[in-house]
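Number of protein chains: 2
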Amino acid sequence: MKVVIIGAGFGGLRLARKLNNKPGFEVMLIDRFNYHQFQPLFYQVATAGLDASNISFPLRKVFQKSKNVRIRLCNLEEILPTENKIITDKEEFNYDVLVLATGADTNFFGNKELAAHSFPMKSTVEALQIRHRLLQLFENAHSNDNEETLQRLMNIVIVGGGPTGVEISGALAEMKKYILPKDYPELDFSKMNIYLLEGADKTLAAMSEKSSMQSEKYLKKLGVEVLTNTMVKDYDGQNVALQSGKYIPAATVIWAAGIKGNIPNGIDKSLIAKGNRLKTDRHCLLHGYNNIYAIGDLAYMETPDFQNGLPQLAPVAMQQAALLADNLKLIERKSNPSKQIEFEYRDKGSMATVGRNLAVVDIPKPKLHFGGFFAWLIWMGLHLMLILGVKNRLFVFLNWVYNYITYDQNLRLIFKEFNRDDMPKGA
Amino acid sequence: MKVVIIGAGFGGLRLARKLNNKPGFEVMLIDRFNYHQFQPLFYQVATAGLDASNISFPLRKVFQKSKNVRIRLCNLEEILPTENKIITDKEEFNYDVLVLATGADTNFFGNKELAAHSFPMKSTVEALQIRHRLLQLFENAHSNDNEETLQRLMNIVIVGGGPTGVEISGALAEMKKYILPKDYPELDFSKMNIYLLEGADKTLAAMSEKSSMQSEKYLKKLGVEVLTNTMVKDYDGQNVALQSGKYIPAATVIWAAGIKGNIPNGIDKSLIAKGNRLKTDRHCLLHGYNNIYAIGDLAYMETPDFQNGLPQLAPVAMQQAALLADNLKLIERKSNPSKQIEFEYRDKGSMATVGRNLAVVDIPKPKLHFGGFFAWLIWMGLHLMLILGVKNRLFVFLNWVYNYITYDQNLRLIFKEFNRDDMPKGA
Chain B
3 MKVVIIGAGF
13 GGLRLARKLN
23 NKPGFEVMLI
33 DRFNYHQFQP
43 LFYQVATAGL
53 DASNISFPLR
63 KVFQKSKNVR
73 IRLCNLEEIL
83 PTENKIITDK
93 EEFNYDVLVL
103 ATGADTNFFG
113 NKELAAHSFP
123 MKSTVEALQI
133 RHRLLQLFEN
143 AHSNDNEETL
153 QRLMNIVIVG
163 GGPTGVEISG
173 ALAEMKKYIL
183 PKDYPELDFS
193 KMNIYLLEGA
203 DKTLAAMSEK
213 SSMQSEKYLK
223 KLGVEVLTNT
233 MVKDYDGQNV
243 ALQSGKYIPA
253 ATVIWAAGIK
263 GNIPNGIDKS
273 LIAKGNRLKT
283 DRHCLLHGYN
293 NIYAIGDLAY
303 METPDFQNGL
313 PQLAPVAMQQ
323 AALLADNLKL
333 IERKSNPSKQ
343 IEFEYRDKGS
353 MATVGRNLAV
363 VDIPKPKLHF
373 GGFFAWLIWM
383 GLHLMLILGV
393 KNRLFVFLNW
403 VYNYITYDQN
413 LRLIFKEFNR
423 DDMPKGA
Chain L
3 MKVVIIGAGF
13 GGLRLARKLN
23 NKPGFEVMLI
33 DRFNYHQFQP
43 LFYQVATAGL
53 DASNISFPLR
63 KVFQKSKNVR
73 IRLCNLEEIL
83 PTENKIITDK
93 EEFNYDVLVL
103 ATGADTNFFG
113 NKELAAHSFP
123 MKSTVEALQI
133 RHRLLQLFEN
143 AHSNDNEETL
153 QRLMNIVIVG
163 GGPTGVEISG
173 ALAEMKKYIL
183 PKDYPELDFS
193 KMNIYLLEGA
203 DKTLAAMSEK
213 SSMQSEKYLK
223 KLGVEVLTNT
233 MVKDYDGQNV
243 ALQSGKYIPA
253 ATVIWAAGIK
263 GNIPNGIDKS
273 LIAKGNRLKT
283 DRHCLLHGYN
293 NIYAIGDLAY
303 METPDFQNGL
313 PQLAPVAMQQ
323 AALLADNLKL
333 IERKSNPSKQ
343 IEFEYRDKGS
353 MATVGRNLAV
363 VDIPKPKLHF
373 GGFFAWLIWM
383 GLHLMLILGV
393 KNRLFVFLNW
403 VYNYITYDQN
413 LRLIFKEFNR
423 DDMPKGA
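Chains as they are written, first to last, in my numbering: chain B, 3 to 429; chain L, 3 to 429.
Because the hints were derived from the structure by calculation, they are not lab data.
It is possible that part of the hints are untrue.
The list makes no distinction among identical chains, and a pair is therefore deemed to hold if it is satisfied within one copy or across any two copies.
Claimed, not checked - Computed list of lysine-lysine pairs in DSBU-like fashion (alpha-carbon distance at most 35 Å, straight line):
#: 1; residue 1: 178; residue 2: 24
#: 2; residue 1: 179; residue 2: 418
#: 3; residue 1: 235; residue 2: 67
#: 4; residue 1: 87; residue 2: 20
#: 5; residue 1: 418; residue 2: 235
#: 6; residue 1: 393; residue 2: 341
#: 7; residue 1: 271; residue 2: 67
Produce the entire structure from the sequences given, and follow the hints as far as they go.
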């Protein structure tokens, strides 16, 4: 069975590993990047606490010894379901089974100004770009004697009070407190403001009431200006316009306020559900197709426990991948279709970290909540366990120990590329 | 005394550190990058053995506790010697003493085609670009069924048999041997050719006869095609044209065949000497100026021991910086000018590494030569000592241990930036 998987995120990679060296399967894993990205730690790359390489794992290394998993670095251009074929910017591939695991990208809700001027953080490279921008900001602030411009440079606005927004706000507040005044003694960091804007009435709205309240308390303790019930209308690169009619002058806006599924070309548009996702049945099969599946952030699935659709989280993607691998093995063996299992999400809990010794953890069964130092330890241990590769795990750990002891993130490096990406013709 | 230093390489940084917190001095250190680059290990960044951050050290961290050293990230545009002022792309700075430590850049000898299509490696970012290109090459090779194009993708040409050329050729040969066939099982690496082209009749021509011979032997043992007495005429991105009239088809050319001083605008052009350098006296003072100095790769100085000019090496730059710091202190104290010391280079030896357990070391006094494993240990120990920062030293060491044990360089990651460098107006 020829299985083509599009996307090597938590879902796609897990599926490829489950089918690795399994008889009867030929797997082609396709991604835009040559590495798996550990998304939960993007914010630490952006704030110079971790190296991009620490949270990235070369795909080819995962499958070095594989007999049946092949890898291609290319962009999907179109699916031709009637021909069981996909077209990419480099090659065409035939499939028996196609699995879409293209994930989700930042949603600017159609606002082009916003998309042009604010910084998303949905890839390692985007996290690096935020890091470079932040450092460049303070460098440029030195040459500025206009007070209004200076204040604009010193204001950072984060939009979206979910885990990403909370985590990067907290990390920035700690940089402001511990590092930036030492690095830039000529600047007055009492003028630096970190705004966290959230449309709902609380941060971490998807978590427990206690976690929401605690995260807001922690953020305020670190000096973040948390503005709930605050919607952004527009951003022209100079001022953030709020729905209320007020403005916040800010040269840098980090947009973490929404995601939308990356729907590939060639799929029946009527399947598009809430959040720009593709509607699947409980076998992850796309409605109306018999050999195209969607898993992870791209998939919209309703289950008895989640009648309004599953949350877009890494554990959902990974559990769906595991289920799909099992079901594909049944199909390959031509077992009775009734043997196939239906998906239900086992929620093992959720967590977010705000800063040193500050995190919140919710566990659903038994219903438990932790905050503070203990939650922070759990958060670190779990993330270390989930990172791919012994060496990455060691290097993340060492960076954390170093950062914790020295109150310093010392990766404050601007590696900006010059223009040089010409490949010779025909390559 | 206001000292403005242009460039934070081995020379400029050493000088700033020598003047750090010294009474009577106000130092402004200016660089294009916000970090010091450890040039000797660029080749390991290019071949995915080290992270760019491992060999880069944030300048602001070095001077966090300094009372008198300030840092600016900007580009020098012009020197106005009559006004004791420099103009940059951001600010203007007045000086009592100006020290030019702008180093040297790649010399393509005026050949624009060559400059446009081949890869230089004189900065960390350029080393990263080589890494990205090499990895992308093999990814693209998969989608190619034209045999001629495939061979072109599999040929890598390195021009210049000095330490840089030798070291990167060796590292590439080891990648070909240990890693690439595992990463790309669909490609036939017996077709991959690594050519090292050198115009002179031997590699490492500046070192001892023994080192030259041994390095060539090591390279050949690793499978590098060493072509001495071979001059490059041109390169159009497809084929390397040799002076002999022959061609080598190659999609990738790494150019390590020459450097030239980075001469700033505003300096008397008649001072330009061999290698596009600025002629100085033995106090590093530019001829015809009384307060502009040049040190390191940019300076051309003749001494009794080096009547044809000093070599362009890190130790020369660092020794000149130390001497200049001492002399500036004498000037600041208004001591008798005759007390100032004249520069002479103390050559402590030179070395180059070719691969695992393979290096060559020359020591001039007493005249000694080492090769093989022992030389390789010396090379590693010395480079570890010279790297700035305890954390960088630890991480380089751990990477080396990992690479040595596993025969693997696992930083095979393509972090290519998208276009997003717009700063808001006025910043």
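Subject >> Numbers of the earlier hints that this structure fails to satisfy, in rising order >> reply: 3, 6 and 7
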